[in-house]
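Go by the hints and put chains Y, F and C onto chain S.
Protein chains in written order, with numbering that gives the first Met the number 0: chain S, 0 to 307; chain Y, 0 to 307; chain F, 0 to 307; chain C, 0 to 307.
Worth flagging that the hints you see were computed from the coordinates, not collected in a lab. One or more hints might be untrue.
Copies of one chain are not kept apart here, so a pair can be met inside one copy or by any two copies together.
As the list claims (entries may be wrong) - Pairs of lysine to any residue, SDA-like flavour, derived with a Cα cap of 25 Å:
1) 88 to 177
2) 72 to 306
3) 295 to 43
4) 72 to 207
5) 72 to 193
6) 72 to 121
7) 132 to 65
8) 72 to 124
9) 163 to 33
10) 72 to 128
11) 132 to 51
12) 295 to 145
Number of protein chains: 4
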Amino acid sequence: MRGFRTDLAMESIGDNNGHLDGVLVDRQQMGEISRTRIVIEDHHAAQVLSRPVGEYITLSCENLSRCDTNNRKRLVQLVAQAVRAMLPKDGQVLVVGLGNRNVTADALGTRVVERLLVTRHLREALADELVGKLRGVSAIAPGVLGVTGIETAELCRGLIEHVKPDAVIAIDALAAYESARICTTVQITDTGIEPGSGVGNHRLGLNRDTLGVKVIAVGVPMVVYASTIARDAVTNLMEDYGLMQDTTSPAAELLLKKVSESYLGEMVVTPREIDEMVLSVADLLSEGLNRALQSKLDAETLHTFLHG
Amino acid sequence: MRGFRTDLAMESIGDNNGHLDGVLVDRQQMGEISRTRIVIEDHHAAQVLSRPVGEYITLSCENLSRCDTNNRKRLVQLVAQAVRAMLPKDGQVLVVGLGNRNVTADALGTRVVERLLVTRHLREALADELVGKLRGVSAIAPGVLGVTGIETAELCRGLIEHVKPDAVIAIDALAAYESARICTTVQITDTGIEPGSGVGNHRLGLNRDTLGVKVIAVGVPMVVYASTIARDAVTNLMEDYGLMQDTTSPAAELLLKKVSESYLGEMVVTPREIDEMVLSVADLLSEGLNRALQSKLDAETLHTFLHG
Amino acid sequence: MRGFRTDLAMESIGDNNGHLDGVLVDRQQMGEISRTRIVIEDHHAAQVLSRPVGEYITLSCENLSRCDTNNRKRLVQLVAQAVRAMLPKDGQVLVVGLGNRNVTADALGTRVVERLLVTRHLREALADELVGKLRGVSAIAPGVLGVTGIETAELCRGLIEHVKPDAVIAIDALAAYESARICTTVQITDTGIEPGSGVGNHRLGLNRDTLGVKVIAVGVPMVVYASTIARDAVTNLMEDYGLMQDTTSPAAELLLKKVSESYLGEMVVTPREIDEMVLSVADLLSEGLNRALQSKLDAETLHTFLHG
Amino acid sequence: MRGFRTDLAMESIGDNNGHLDGVLVDRQQMGEISRTRIVIEDHHAAQVLSRPVGEYITLSCENLSRCDTNNRKRLVQLVAQAVRAMLPKDGQVLVVGLGNRNVTADALGTRVVERLLVTRHLREALADELVGKLRGVSAIAPGVLGVTGIETAELCRGLIEHVKPDAVIAIDALAAYESARICTTVQITDTGIEPGSGVGNHRLGLNRDTLGVKVIAVGVPMVVYASTIARDAVTNLMEDYGLMQDTTSPAAELLLKKVSESYLGEMVVTPREIDEMVLSVADLLSEGLNRALQSKLDAETLHTFLHG
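The shape of chain S in the complex, shown without the other chains:
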């Protein structure tokens, strides 16, 4: 455990894969896509990993935004499957797109929400047989605290009291520890959003405790903090040179702290093509979510609702 900032359960577990009491890890490789399921079973394990008890599904492939048509189809299915398994079988869902639409690396939540099939307001107008097939979906991308003056959790609470959804899905851009995770990994969890997480550093969490309903969180790493990169380069060097026996000693910690602080926490590392990547990943996730949410509609009917 290196203590670097990451929003991925998979990175918190690191090399301890499965050796931790109270943590189940199950990995499948499907061609170029790997699917890892982590279950944190008890509060002891939750404490060690600084992550809530619950299920974390991680889907990885070399490049989410530029994979070939077969891998893309399979990824859409795997996203749909994982979300569907966490959703209540029936009942309304509110989708919340987190992050700031005017900050490229933080706009993923907003872009996904723009692509969703929203149905809550349609149901009165539809024929009875279709209403039975159509789940009520509402969606909002409210903007971040600095733009609204209102905490996202607070804003959602007010909304939930009126809309009364049976579950919430929150979409967010994440920060990772390894730059190789950017745009290559989807994390889907039933534990909601933790305080301090995401590119935008949410002050409050969004979960059953704060919102009163189940919150499924779907996220993709879009940045690594610059301080993480500097710290990481230095740690590797110290290990290579046996410079300090133990990189977790106070002296080493002090040095690493110094290195991190010399890079403003606000500096983030992203691929140059992040603008295009965000749109492409938003297409992929929204396709998966639309299928998970409207599992009783066939593909053509779903298409007609969305584009016809």
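Positioned in the frame of chain S, the structure of chains Y, F and C alone reads:
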């Protein structure tokens, strides 16, 4: 009264200027800017004009988006003055940007909200003397029913129960009857937003009845409906030629109805430069609103909060 | 021939369908899509129709931006087929996206260019067998005269002298006479772009005379001028009432002129959803063009070049 | 000289400030703004610094995008002054916005071009006295090689042969060595754009050799490469610990190379707020350029041309 669709009180009044019982009309010309104040005093007048009892300030000049620096300064002041006079002296304000950010002519509300000084979340962190000067402002541009699945009025109600503002300001793009009104007129009213108004045709109104607090509405016409133009051309012709004695006769009405319906209600008329105009008008309105909302801050402090 | 402004050959021909000497008209209906091929064969016919000698393919369906998957596939094929038939069998192609990217209704050309597979610079790096299959394509969306200070035709001439393409494809947003044409019609012609055409009113034409190579123009109507709507409403009325025996008489012309001029030429009529429509039509056209340009690549290889 | 990638002459010089033969360095502090003028006088110095002979003006302040109104005014003046001094006194100018408009950190050139007063096409229509005051300015943001298939230098050459400007101004987003330079420094040079420079890594240079006219380059650092940050952290550590006597020894070089390569060259470091910063810096630069280019117009006339 021609019965055409318009969101401007000034156009409803038409040529009856001041001759209507229960309606006060007061017009001032200041250089190239004219300011008209209409007060609908009682329910009879409200019924005749199909508009709620209340005050309507209309500011007009040849082109809001391309006026010279002096006219622009004066317009900002006049907007600030009119809004300030309608606001409670102290207390929090929630600004709601109505409309669809992805439809150019309907994006005015969203663009204004993006440019506001939002302070509600800052107040804990500020020195005491500044807190006394700073009004708590929160802001949201929630998106339209088709995008969220939630009525804007419903969404605002949930929000207001948590944020508890003392007043709401709603910003919206309007439809006018005359194309010459597009981007040349600002309407500021203390009656809120009426059902069926705006480019996006709000299903429910936003006013004291639906939201439980005072609602000040600020709007600028951005479109004329195509059917209005066709109807208008034909009416003029019929009058010129004395074609039908009375253009409000059933026969004439039938003809006009036919003309209107041959143009899809969805077709709107806008200037080709609407994209640029919306941004420019959003700058102007947000400057006026920021001044009205933070009337105890001097210009440089306001600038520092916004840009520094 | 009513003399209204239109960029569609199909509308110029009007009800004279095939009765004009020197004009061939051939129409096919394929399910919900109709395909009309007009050939203006000689200079006399060209003069009567105020359009150059050449071939005009028009594809129509109810809504290009919201058709079902089958119609969309067929439209892509028909666009590809028509363009391919006009292109030289081999040789480089330069695609020019006309119009102003900051004016929604005029941005079609720019949006198509953004979605093209551009290959001219790749060919050195590719394996020999692939080079044989890949046509050299370059693309530019230079912006309009008011933004660059340079006539598009002038700018293209300079470029063509260096790039030396064997043909040019110019993409543009058009103005129609009937509002029902907006986003329902694609026109593909080997005559290039005429002076005064397009939403942006190009001052010079782009054709073999001005550029020295064959110019294929692909366009979709995005606006109707407001004056056209007013004029049209009045003409219909005059005809219905036998108001003037001959709507082309000087008196009638004067009246119509008066009606037209009371609506600023700058006002345009578009659907409210024009923003979304432009993106959707750009997807459709670019897909057709990519297939026409790279007819030796199979679909998966084309996809990999574009997205993988 | 550390050999890291930077586009700033100031960083190449590093701590050798003025001690290098053939290099003049002159620094002025004006309140919170510092202005450094570097002149590389001969080919020997040019070789040592890997930069062409010429003049480099660097303006720095804590944050270009969020400075107070006084500092902003002074910066606009200093940009205008530096560019004006390098421009020919009269004659046409072509401004080229380099970079990719769809990559946030690379879009600076495009955003500046959008804000320029373009006049080349107006001059026929203007009164004689105004023509004498108005310099002919044209502008283009052609897009990068991957988008057009045409090298920017090649594209400009074709254009220049037709437009025949007396000078070119090229605007570009730069890469720096220190992250503290991002959005805090403007570099203005009469040496043009070097091959391999800019966020987008131009393959060819834009200078008098390739274009045949004087090229003034204006740039602001928008990224640091992730490899630079890793390398830098490690170098500091090695120096602190005396790990290798000489950080330029082959062993040290090998180590640093390893560190750099473990971070993809494509990963870039930027502030999270880069989207907003680019627009704000584009405002500042365009204001400076408009003044430099139209030095005979007073502020109000310039404003009227731009906004009225």
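Status of the hints after comparison with the structure:
no.	hint	in the structure
1	88 to 177	neither (36 Å within a copy, 49 Å between copies)
2	72 to 306	both (19 Å within a copy, 14 Å between copies)
3	295 to 43	neither (40 Å within a copy, 53 Å between copies)
4	72 to 207	neither (32 Å within a copy, 45 Å between copies)
5	72 to 193	neither (30 Å within a copy, 43 Å between copies)
6	72 to 121	neither (28 Å within a copy, 28 Å between copies)
7	132 to 65	between (33 Å within a copy, 22 Å between copies)
8	72 to 124	neither (32 Å within a copy, 30 Å between copies)
9	163 to 33	neither (36 Å within a copy, 48 Å between copies)
10	72 to 128	neither (29 Å within a copy, 29 Å between copies)
11	132 to 51	neither (34 Å within a copy, 42 Å between copies)
12	295 to 145	between (39 Å within a copy, 21 Å between copies)
In this structure, the hints that do not hold are numbers 1, 3, 4, 5, 6, 8, 9, 10 and 11, in rising order.
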